[in-house]
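Colleague: Chain A is fixed; fit chain B onto it per the hints.
Protein chains in written order, with my numbering: chain A, 684 to 1003; chain B, 684 to 1003.
Hints are not guaranteed to be accurate.
[As the list claims (entries may be wrong)] Every beta carbon over 12 Å from chain B, so not counted as near; a handful from chain A, in silico:
{"no.": "1", "residue": "LYS700"}
{"no.": "2", "residue": "GLY794"}
{"no.": "3", "residue": "GLU857"}
{"no.": "4", "residue": "ASP859"}
{"no.": "5", "residue": "ASP860"}
{"no.": "6", "residue": "SER867"}
{"no.": "7", "residue": "ASP922"}
{"no.": "8", "residue": "ASP926"}
{"no.": "9", "residue": "ILE935"}
{"no.": "10", "residue": "ALA952"}
{"no.": "11", "residue": "SER969"}
{"no.": "12", "residue": "ARG975"}
{"no.": "13", "residue": "GLY990"}
[To be verified] When the alpha-carbon atoms are kept at most 30 Å apart in a straight line, the in silico DSBU-like pairs for lysine-lysine are as follows:
{"no.": "14", "chain 1": "A", "residue 1": "LYS833", "chain 2": "A", "residue 2": "LYS991"}
{"no.": "15", "chain 1": "A", "residue 1": "LYS774", "chain 2": "A", "residue 2": "LYS855"}
{"no.": "16", "chain 1": "B", "residue 1": "LYS696", "chain 2": "B", "residue 2": "LYS774"}
{"no.": "17", "chain 1": "B", "residue 1": "LYS774", "chain 2": "A", "residue 2": "LYS855"}
{"no.": "18", "chain 1": "B", "residue 1": "LYS774", "chain 2": "B", "residue 2": "LYS855"}
{"no.": "19", "chain 1": "B", "residue 1": "LYS991", "chain 2": "B", "residue 2": "LYS833"}
{"no.": "20", "chain 1": "B", "residue 1": "LYS696", "chain 2": "A", "residue 2": "LYS833"}
{"no.": "21", "chain 1": "B", "residue 1": "LYS833", "chain 2": "A", "residue 2": "LYS696"}
{"no.": "22", "chain 1": "B", "residue 1": "LYS855", "chain 2": "A", "residue 2": "LYS774"}
{"no.": "23", "chain 1": "B", "residue 1": "LYS774", "chain 2": "A", "residue 2": "LYS774"}
{"no.": "24", "chain 1": "A", "residue 1": "LYS696", "chain 2": "A", "residue 2": "LYS774"}
{"no.": "25", "chain 1": "B", "residue 1": "LYS700", "chain 2": "A", "residue 2": "LYS833"}
{"no.": "26", "chain 1": "B", "residue 1": "LYS833", "chain 2": "A", "residue 2": "LYS700"}
For the record, the hints were derived by calculation from the structure and aren't laboratory data. Ideal Cβ positions, reconstructed from N, Cα and C, are used throughout, including at glycine.
Residue-level listing of the chains:
There are 2 protein chains.
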Amino acid sequence: MSAEDELIARYFKPLAKHPGAFGLADDAAAIAPPQGHDLVLKTDGLIAGVHFFPDDPAEGVARKALRVNLSDLAAKGARPLGFLLSIALPKGFREDWLADFAHGLGRDAEGYQCPLLGGDTDSTPGPTTIYVSAFGTLPAGTMVKRSGAKIGDHVFVSGTIGDAALGLRIRKGELDDPSGHLVSRYRLPQPRMALAEAVRAHASAAMDISDGLAGDLAKLCRASDTSADIEVARVPLSDAAADALSGDCDLIEPILTGGEDYEILCTVASDRVAAFEADSARASVSVSDIGRIVAGNTPPRFLSTEGKALSFLHPSYSHF
Amino acid sequence: MSAEDELIARYFKPLAKHPGAFGLADDAAAIAPPQGHDLVLKTDGLIAGVHFFPDDPAEGVARKALRVNLSDLAAKGARPLGFLLSIALPKGFREDWLADFAHGLGRDAEGYQCPLLGGDTDSTPGPTTIYVSAFGTLPAGTMVKRSGAKIGDHVFVSGTIGDAALGLRIRKGELDDPSGHLVSRYRLPQPRMALAEAVRAHASAAMDISDGLAGDLAKLCRASDTSADIEVARVPLSDAAADALSGDCDLIEPILTGGEDYEILCTVASDRVAAFEADSARASVSVSDIGRIVAGNTPPRFLSTEGKALSFLHPSYSHF
Chain A
684 MSAEDELIAR
694 YFKPLAKHPG
704 AFGLADDAAA
714 IAPPQGHDLV
724 LKTDGLIAGV
734 HFFPDDPAEG
744 VARKALRVNL
754 SDLAAKGARP
764 LGFLLSIALP
774 KGFREDWLAD
784 FAHGLGRDAE
794 GYQCPLLGGD
804 TDSTPGPTTI
814 YVSAFGTLPA
824 GTMVKRSGAK
834 IGDHVFVSGT
844 IGDAALGLRI
854 RKGELDDPSG
864 HLVSRYRLPQ
874 PRMALAEAVR
884 AHASAAMDIS
894 DGLAGDLAKL
904 CRASDTSADI
914 EVARVPLSDA
924 AADALSGDCD
934 LIEPILTGGE
944 DYEILCTVAS
954 DRVAAFEADS
964 ARASVSVSDI
974 GRIVAGNTPP
984 RFLSTEGKAL
994 SFLHPSYSHF
Chain B
684 MSAEDELIAR
694 YFKPLAKHPG
704 AFGLADDAAA
714 IAPPQGHDLV
724 LKTDGLIAGV
734 HFFPDDPAEG
744 VARKALRVNL
754 SDLAAKGARP
764 LGFLLSIALP
774 KGFREDWLAD
784 FAHGLGRDAE
794 GYQCPLLGGD
804 TDSTPGPTTI
814 YVSAFGTLPA
824 GTMVKRSGAK
834 IGDHVFVSGT
844 IGDAALGLRI
854 RKGELDDPSG
864 HLVSRYRLPQ
874 PRMALAEAVR
884 AHASAAMDIS
894 DGLAGDLAKL
904 CRASDTSADI
914 EVARVPLSDA
924 AADALSGDCD
934 LIEPILTGGE
944 DYEILCTVAS
954 DRVAAFEADS
964 ARASVSVSDI
974 GRIVAGNTPP
984 RFLSTEGKAL
994 SFLHPSYSHF
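Bound-form chain A, shown alone:
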């Protein structure tokens, strides 16, 4: 066996529990969604120095790499089936880093019932680069799109907004975090798998929030050919984020635009709101009604309690 095959057999084979992964001993995997179901596909990556700090613990990096993809599956209404992992390791990587990475990945693959199906392991002269392609299933034709929002629909978000953006500032030493909550939200997203069914049953449009609430809502509105009015006071904040904001009200911008929330943003018609809220409660995921879809082709307005629209310096994260 080559060193490459040995690493794969030692660290990744135990994660390949789907029979169609053939124990990672073949060149490809074979899967099928249940009859009458579609397969939902998503790929998203993490690069050291861009999406995570090179000294972040490997176990958390692995879990985040999988979770950012699972978050998309949940927002589309899908249930996880499995994933492919592509990883490029820098020269001189430490095998204990890879062992920790595989341990974290295996923990979440098990926890989310999303086994490893296959992958590719390379050496790179650059930074550690990880791409996950995740696959989910849902009844055929029921994927919840960005483009279905209608004027008058209520705008919902799950969980709390802005924690990860503040956590990143803390990680950079720009803010304090007495509770540790904000950094933990930055390090390890909580994909809202439990909400997938309620989203599929009731939402007219949905996406996960990865590039910030303001920017992602603007994308949803553009795809739906609408705009939105959001009441900033109704955007749900964790206690830690509310404390930070009370000390520096300029933090409202990173909270609303900073990204990496990995919460679900969705729109729900008025007559489905009660059912959506009830199903969300049954799924034990908090959801908050933060505003309405309105006519227009301008970016959503974020309104203060006085009805004044906030303006942002950097409305959304972009790589270029």
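Modeller: Relative to the frame of chain A, chain B by itself:
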């Protein structure tokens, strides 16, 4: 629109012709294999400075990135359905590089009827890094594995062996290439999609040759709990490779071990050989019977016309 979304809309949206790609305007794609079919999954990547030269033309890099994955689908007996593209671009990349890349990718997506389904575009402090996840379909349960070879089966390869390995030496300035054939074989693999049906109908085991005939046959034999005896004189060479070898007989090692052939290696039971050869001829793909599967757990032997086993310094490519 962010600069990232604009690049995607300008260069990649035209490639997303599958209805389940939603014009790359959503967060995920939705597909389904035909009823009674499996989906075959494969991911493989190219990194600048590792798998290609940073000054290689972008169009060819894109086509190779897709083709190395299609080659695996063909060897497993599958027909292409679509692919995901993850690409990390270095700071200061030139937009005309991306335009050329997308042009090449679109050409092959069209030619192989394998549309783009979605992807992820990032910025990296490292080299250009490209991962493709390709999806194919075949009747449920018929994926051709590595592990099915039986003692007495004939060992077949498609096309010619060693061209790309010699092409890489030429690209490095270590060899001459009067015809240009060898470098073109290194730059642009020809995945044997036309052979997929014949492989699925007749092969007991199959894989594509990416890490060299010797190493990949060793993997197939190990997975099948067998060994093999190969007659080196029967390994098919192009005229250009034969010319190079006649000038330097030490080149037999890179020819047999160098990799990137992207030909199909498969094993066929004696009573299926005639049918396999006939179906291959109908598909206009040349195949060569180069030896037999034998009992044992040692690496395959490559035998000279005098019956002497060759020994190799580096039997197979490994990243680590």
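Colleague: Indicate, hint by hint, whether the structure satisfies it.
Modeller: Taking the hints in turn, this is what the structure says about them:
1. LYS700: Non-interface label on LYS700(A) holds, nearest chain B Cβ at 15 Å vs cutoff 12 Å.
2. GLY794: 21 Å, holds
3. GLU857: For GLU857(A), whose nearest Cβ neighbour in chain B is about 21 Å away, the distance exceeds 12 Å, so it holds.
4. ASP859: Non-interface label on ASP859(A) holds, nearest chain B Cβ at 29 Å vs cutoff 12 Å.
5. ASP860: About 27 Å separates ASP860(A) from the closest Cβ of chain B, which puts it past 12 Å; holds.
6. SER867: 24 Å, holds
7. ASP922: Since the minimum Cβ distance to chain B is about 30 Å, ASP922(A) lies beyond 12 Å and the statement holds.
8. ASP926: 31 Å, holds
9. ILE935: Since the minimum Cβ distance to chain B is about 21 Å, ILE935(A) lies beyond 12 Å and the statement holds.
10. ALA952: Per Cβ check, ALA952(A) is outside 12 Å of chain B; nearest 20 Å; holds.
11. SER969: SER969(A) clear of chain B: closest Cβ-Cβ about 22 Å, beyond 12 Å.
12. ARG975: 22 Å, holds
13. GLY990: About 28 Å separates GLY990(A) from the closest Cβ of chain B, which puts it past 12 Å; holds.
14. LYS833(A) - LYS991(A): Judged against 30 Å, a Cα distance of about 24 Å means the pair holds.
15. LYS774(A) - LYS855(A): Distance of about 26 Å is within 30 Å: holds.
16. LYS696(B) - LYS774(B): 23 Å, holds
17. LYS774(B) - LYS855(A): 22 Å, holds
18. LYS774(B) - LYS855(B): 26 Å, holds
19. LYS991(B) - LYS833(B): With Cα atoms ~24 Å apart, LYS991(B) and LYS833(B) stay inside 30 Å; holds.
20. LYS696(B) - LYS833(A): 25 Å, holds
21. LYS833(B) - LYS696(A): 25 Å, holds
22. LYS855(B) - LYS774(A): 22 Å, holds
23. LYS774(B) - LYS774(A): 21 Å, holds
24. LYS696(A) - LYS774(A): 23 Å, holds
25. LYS700(B) - LYS833(A): Since the Cα atoms of LYS700(B) and LYS833(A) sit roughly 26 Å apart, the hinted pair holds (cutoff 30 Å).
26. LYS833(B) - LYS700(A): 26 Å, holds
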